[in-house]
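Full structure from sequences and hints, please.
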Amino acid sequence: MALGLLIVAFNALAWVAGLTPVGTFDLYRSSIPCYPIGSMMLIEYLNRVARRAFASFRPALTISDHEYLYLEYQLITMPRRGVHITLLLSLGLVTVYIINTPYIHALFQTSHLIAIIECVFYVFAFAVMAIYFYHILWQLRMVSGIHAMLTHVDLFNRESLYAFSQLSSHAGISLLLMTFFGIVTDPATFSNIALINVTVIAFVLAILSFVLPLQGIYRHIIAEKRRLTQAIDADIGTLIQQVYSNSDTPVSANVMQQTIKLNSLATIRKTVEDIPTLPLQRGTLISFVSVFILTFVGRIAVAAIAALIV
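Here my numbering is used: the first residue of the sequence shown is 0, the next is one more, and so on.
Worth flagging that the hints you see were computed from the coordinates, not collected in a lab. Treat the hints loosely; a few may be bogus.
[Stated by the list, open to error] Using C-beta positions, here's what the derived DEER-type ranges look like: (1) Arg225 <-> Ser63: 29 to 37 Å; (2) Leu26 <-> Val119: 18 to 26 Å; (3) Pro186 <-> Val119: 16 to 24 Å.
Where is the CB? At the ideal position from N, CA and C, for every residue including glycine.
See the structure below:
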């Protein structure tokens with residue numbers, strides 16, 4: 000409802016200013032309100048995903064209920080100081096955007112009020128988007144910190160180990176989709192220096208959000224697999240020595256038991272080796288790569304259409 004009203008209002012400003020015919024909805028102008036509203040919705044969505052992920056990860060931690068609630072609060076709540084710094088940075092970025100947007104300069108010549116209203120809305124849109132970017136950065140930091148608290152890794156109960164992969168993939172995918180949306184709807188995406196910076200930041204942050212939070216848990220899984228295989232190899236070595244020490248005697252029940260144990264240990268070792276080291280839930284990698292490719296396809300398609308029109 001709010002999004003629809005903002006789209007109508009933002010197009011109505013163009014009607015009043017004579018930029019577009021009354022009653023028509025320009026694609027670019029209709030897309031602008033989607034950024035702040037979409038950013039707020041995505042923040043709320045990622046907070047829900049973060050809560051579920053942390054609840055799934057909790058069995059892997061040895062913390063009290065009070066510590067759990069405190070960490071959950073931190074996971075979904077951005078520090079006030081960081082928010083203030085982010086807002087200041089967004090103000091600088093929107094200033095660059097307005098300076099490099101010719102139609103706003105022309106609008107100031109015909110209607111100061113409408114130009115000021117549009118500038119205020121752009122300040123709001125850039126601020127909310129910047130908060131969304133900072134929100135993702137903050138959650139990346141918190142996830143890395145929570146992973147660092149891990150003291151025991153159970154490779155045979157991997158649901159908790161993979162818990163945060165959904166959060167990281169959804170954060171990355173949302174940023175890529177926002178980038179794709181901008182490429183398709185805004186012709187100035189690759190000409191306005193401010194929008195170029197926003198696009199690059201979103202693209203880099205999308206990759207980092209998918210990779211960085213999982214590095215810590217990846218190292219834990221690798222270390223635990225190495226520890227288990229070394230322990231199994233030690234047991235195998237001991238059993239082999241025992242078998243060979245009895246090789247000069249007739250085959251006994253003891254040797255047969257040791258052989259069975261060797262086969263069992265070999266099977267266990269193979270099972271440990273086959274455990275995936277990438278801490279990703281099924282489908283997360285494919286989804287991220289698909290959207291990643293879609294972003295590039297969108298850029299190529301827009302360039303091709305622009306070339307045909309020209």
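For the pair Arg225 and Ser63, does the Cβ-Cβ distance stay inside 29 to 37 Å? For Arg225 and Ser63 the Cβ distance comes to about 31 Å; the hint holds.
Outcome of range test on Cβ distance (Leu26, Val119; 18 to 26 Å): 22 Å, holds
Taking the beta carbons of Pro186 and Val119, is their distance inside 16 to 24 Å? 23 Å, holds
Comparing the model with each earlier hint shows no violations; every hint is respected.
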